[in-house]
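Trainee: Generate the whole structure from the sequences, applying the supplied hints.
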Amino acid sequence: MAENNNNNTNSESQKKSNFIHAHIDEDLAQGRNSGRVHTRFPPEPNGYLHIGHAKSICLNFGLAEKYGGKCNLRFDDTNPSKEETEYVESIMEDVRWLGFDWEDRLYYSSDFFQNLYDFAVRLIKEDKAYVDDQDAETISSQKGTPTRPGIESPFRNRSVEENLDLFGRMKDGEFDEGEKVLRAKIDMASPNMHMRDPILYRIMKAHHHRTGDEWCIYPMYDFAHGQCDYWEGITHSICTLEFEVHRPLYDWFVDQLQEMDYRPRQIEFARLNLTYTVMSKRKLLELVKDGHVNGWDDPRMPTISGLRRRGYTPESIRNFSDKIGVTKVDGMIDVSLLEFSVREHLNKTAQRVMGVINPLKVVITNYPEGQEEMLSAVNNPEDESMGRRDVPFSREVYIERNDFMEDPPRKFFRLGPGREVRLRYGYLIKCNEVLKDKNGNITELLCTYDFESKGGKSSDGRKVKGVVHWVSAKHAVKAEVRSYDRLFSDEDPNGHKDVDFKEFMNPDSLKVLPECYIEPFVKDSKPFDHFQFERLGYFNMDPDSTPENPVFNRTVALRDSWAKAQKK
RNA sequence: UGACCCAUGGUGUAAUUGGCAACACGUCUGAUUUUGGUUCAGAAGAGUCCAGGUUCGAGCCCUGGUGGGUCAACCA
Numbered sequence: 001m002a003e004n005n006n007n008n009t010n011s012e013s014q015k016k017s018n019f020i021h022a023h024i025d026e027d028l029a030q031g032r033n034s035g036r037v038h039t040r041f042p043p044e045p046n047g048y049l050h051i052g053h054a055k056s057i058c059l060n061f062g063l064a065e066k067y068g069g070k071c072n073l074r075f076d077d078t079n080p081s082k083e084e085t086e087y088v089e090s091i092m093e094d095v096r097w098l099g100f101d102w103e104d105r106l107y108y109s110s111d112f113f114q115n116l117y118d119f120a121v122r123l124i125k126e127d128k129a130y131v132d133d134q135d136a137e138t139i140s141s142q143k144g145t146p147t148r149p150g151i152e153s154p155f156r157n158r159s160v161e162e163n164l165d166l167f168g169r170m171k172d173g174e175f176d177e178g179e180k181v182l183r184a185k186i187d188m189a190s191p192n193m194h195m196r197d198p199i200l201y202r203i204m205k206a207h208h209h210r211t212g213d214e215w216c217i218y219p220m221y222d223f224a225h226g227q228c229d230y231w232e233g234i235t236h237s238i239c240t241l242e243f244e245v246h247r248p249l250y251d252w253f254v255d256q257l258q259e260m261d262y263r264p265r266q267i268e269f270a271r272l273n274l275t276y277t278v279m280s281k282r283k284l285l286e287l288v289k290d291g292h293v294n295g296w297d298d299p300r301m302p303t304i305s306g307l308r309r310r311g312y313t314p315e316s317i318r319n320f321s322d323k324i325g326v327t328k329v330d331g332m333i334d335v336s337l338l339e340f341s342v343r344e345h346l347n348k349t350a351q352r353v354m355g356v357i358n359p360l361k362v363v364i365t366n367y368p369e370g371q372e373e374m375l376s377a378v379n380n381p382e383d384e385s386m387g388r389r390d391v392p393f394s395r396e397v398y399i400e401r402n403d404f405m406e407d408p409p410r411k412f413f414r415l416g417p418g419r420e421v422r423l424r425y426g427y428l429i430k431c432n433e434v435l436k437d438k439n440g441n442i443t444e445l446l447c448t449y450d451f452e453s454k455g456g457k458s459s460d461g462r463k464v465k466g467v468v469h470w471v472s473a474k475h476a477v478k479a480e481v482r483s484y485d486r487l488f489s490d491e492d493p494n495g496h497k498d499v500d501f502k503e504f505m506n507p508d509s510l511k512v513l514p515e516c517y518i519e520p521f522v523k524d525s526k527p528f529d530h531f532q533f534e535r536l537g538y539f540n541m542d543p544d545s546t547p548e549n550p551v552f553n554r555t556v557a558l559r560d561s562w563a564k565a566q567k568k
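Those letters in the first sequence? Residues 1 to 568, per the numbering used here, in order.
A few of these clues could be false.
[To be verified] Derived DSS-like pairs: lysine-lysine, alpha-carbon spacing no greater than 25 Å straight-line:
hint	residue 1	residue 2
1	Lys465	Lys361
2	Lys82	Lys289
3	Lys465	Lys430
4	Lys281	Lys328
5	Lys82	Lys185
6	Lys361	Lys454
7	Lys361	Lys457
8	Lys511	Lys564
9	Lys16	Lys348
The hints are simulated quantities; they were obtained by calculation from the structure and are not laboratory data.
Mentor: Below is the structure:
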């Protein structure tokens with residue numbers, strides 16, 4: 001039985017098919033690219049990866065896997081002013097953590113700077129590129145508008161010799177930033193703005209994280225991407241929808257590359273949007289820089305590192321990615337699907353443990369003082385092979401504060417004055433007295449236990465419906481629990497024109513519960529270990545933990561049909 | 001007033017060469033249950049943006065609309 005459950009997590013073989021498969025199947029049927037399928041994941045190392053990148057990673061590596069092809073990791077590092085080694089390292093860590101392997105195919109666009117330069121020289125010689133002396137503003141003003149054609153630069157018809165000379169001197173650092181650019185000579189009247197003599201190279205006297213000060217001219221994205229695809233042997237260059245209008249330019253460059261026995265093709269898909277969060281690097285960076293969250297790996301962040309710290313598993317993210325599919329429809333996925341994916345995985349794999357995050361002390365008055373005993377608990381009802389463990393029991397225990405109500409509503413199965421419930425894996429207890437402080441707050445419950453009910457079964461066959469989790473006060477591990485809610489209170493914080501997205505931040509996205517009691521089993525756990533705190537949710541140990549103050553993050557709560565019914 | 005792209009239950013996706021709209025999440029019942037979890041059984045919810053056309057037959061094809069998105073960084 002347990003073996004079957006484990007096999008179910010292997011969903012690789014049942015991936016949904018999508019429109020990209022159709023394209024590839026067609027290419028294969030036509031005998032293109034000698035039947036090769038080669039993709040790449042090409043992040044710019046200017047920030048941390050988020051769940052949207054995970055979709056792209058799963059897609060690209062997934063295609064390679066499906067078609068017996070390859071997938072490269074490429075850092076698109078053509079803009080030294082924004083890129084840092086810190087980001088390169090975090091990206092590699094995240095891709096590996098998700099479970100993908102680029103083997104020996106790690107590339108950087110900067111690996112191709114010389115090739116790109118040589119290619120640019122060739123275009124100049126073929127009279128397909130020229131040096132423009134005008135400043136950014138002027139060039140922009142000549143570009144026209146989407147509905148009106150642009151006008152040609154006065155420098156457009158320089159001689160090949162002059163262009164060659166000028167471009168060489170740009171490379172040699174003779175000019176300042178902004179003084180000159182290299183442009184492709186295409187068509188200033190094209191209905192596609194990207195074809196109106198796009199800029200190929202700009203002067204940037206910035207230190208590059210890999211090439212240092214070797215270059216002072218850097219290629220633009222459009223001039224680098226397709227060519228790198230070509231040189232790496234990429235057959236299917238998958239990117240997001242906003243690059244759709246760049247495709248004619250992508251193809252124009254690839255056309256110039258001639259002598260090819262194959263041709264990389266750009267295919268666009270819709271980027272992931274999730275409810276109640278933001279996904280743009282700019283906005284995520286803003287949240288980090290302005291201290292709205294505690295770093296890129298804050299468990300409330302949609303970053304891979306944030307999700308990891310929150311307690312998400314690679315499997316759950318991969319399954320999520322598979323479930324949402326791949327299309328060109330610009331939509332918005334409900335976070336509940338992401339949450340479903342972790343619950344689904346953790347339900348099958350997480351160690352169960354009892355933990356009380358909102359403690360209320362219960363004294364079992366007829367249990368002998370000083371006595372204690374061990375009770376046997378199941379580690380995971382979904383996986384018998386995980387076995388059982390002993391949980392200590394004694395006279396004083398903590399239960400969840402909201403498992404007791406003085407004046408319970410209908411259908412409340414838990415503890416109340418004069419009521420009886422089962423302590424999970426333990427005894428039946430009955431509440432006899434409620435102690436309060438002078439303000440009327442409940443401070444303690446006095447209960448008696450049925451000593452014949454060990455293990456939870458009544459000796460006389462009476463039915464007790466309620467079951468509550470508990471922790472022996474004497475043996476409990478005191479811990480801090482961090483409980484998270486959505487970062488934004490609006491479903492689509494980006495969807496409001498003229499209102500800053502930060503206006504929609506949820507002020508209660510983080511709740512710190514400093515005094516929680518967990519059964520001693522968690523004493524040996526390490527950061528990132530997963531647990532289900534029974535009846536509450538999935539939690540994992542946070543790296544902030546110390547032996548004196550273990551910290552647990554609530555990954556996601558269990559489904560709670562009682563709480564749901566109460567809201568109505 | 002241009003080019004390109006998109007349009008199927010609340011959400012996300014399916015629907016062999018056109019053949020009575022399927023699945024998942026979510027929602028709601030009920031059963032089981034020492035997790036109000038899980039599991040199981042079941043229900044509601046779209047007639048496929050609109051209008052024409054082709055066809056015996058259209059979510060799939062054609063035409064024209066409508067709505068939405070992207071594009072005018074020396075960003076990617």
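Trainee: Given the proposed pairing of Lys82 with Lys289, does the C-alpha separation stay at or below 25 Å?
Mentor: OK: Lys82 and Lys289 at ~15 Å, within 25 Å.
Trainee: Hint check: Lys281 vs Lys328, CA-CA at most 25 Å. Holds or violated?
Mentor: holds (21 Å)
Trainee: Does the structure keep Lys511 and Lys564 at a Cα separation of 25 Å or less?
Mentor: holds (20 Å)
Trainee: Are Lys465 and Lys430 close enough, with their CA atoms no more than 25 Å apart?
Mentor: At roughly 13 Å apart (the allowed maximum being 25 Å), Lys430 and Lys465 satisfy the hint.
Trainee: Is the straight-line distance between the alpha-carbon of Lys361 and that of Lys454 25 Å or less?
Mentor: holds (20 Å)
Trainee: Would you mind confirming whether the straight-line C-alpha gap from Lys361 to Lys457 stays at or under 25 Å?
Mentor: holds (23 Å)
Trainee: Hey, Lys82 versus Lys185, does the alpha-carbon distance stay inside 25 Å?
Mentor: violated (28 Å)
Trainee: Verify the proposed pairing of Lys465 with Lys361, using a straight-line Cα cut of 25 Å.
Mentor: holds (21 Å)
Trainee: Tell me if the straight-line CA distance from Lys16 to Lys348 falls inside 25 Å.
Mentor: holds (23 Å)
Consistency note: the structure conflicts with earlier hint 5 alone.
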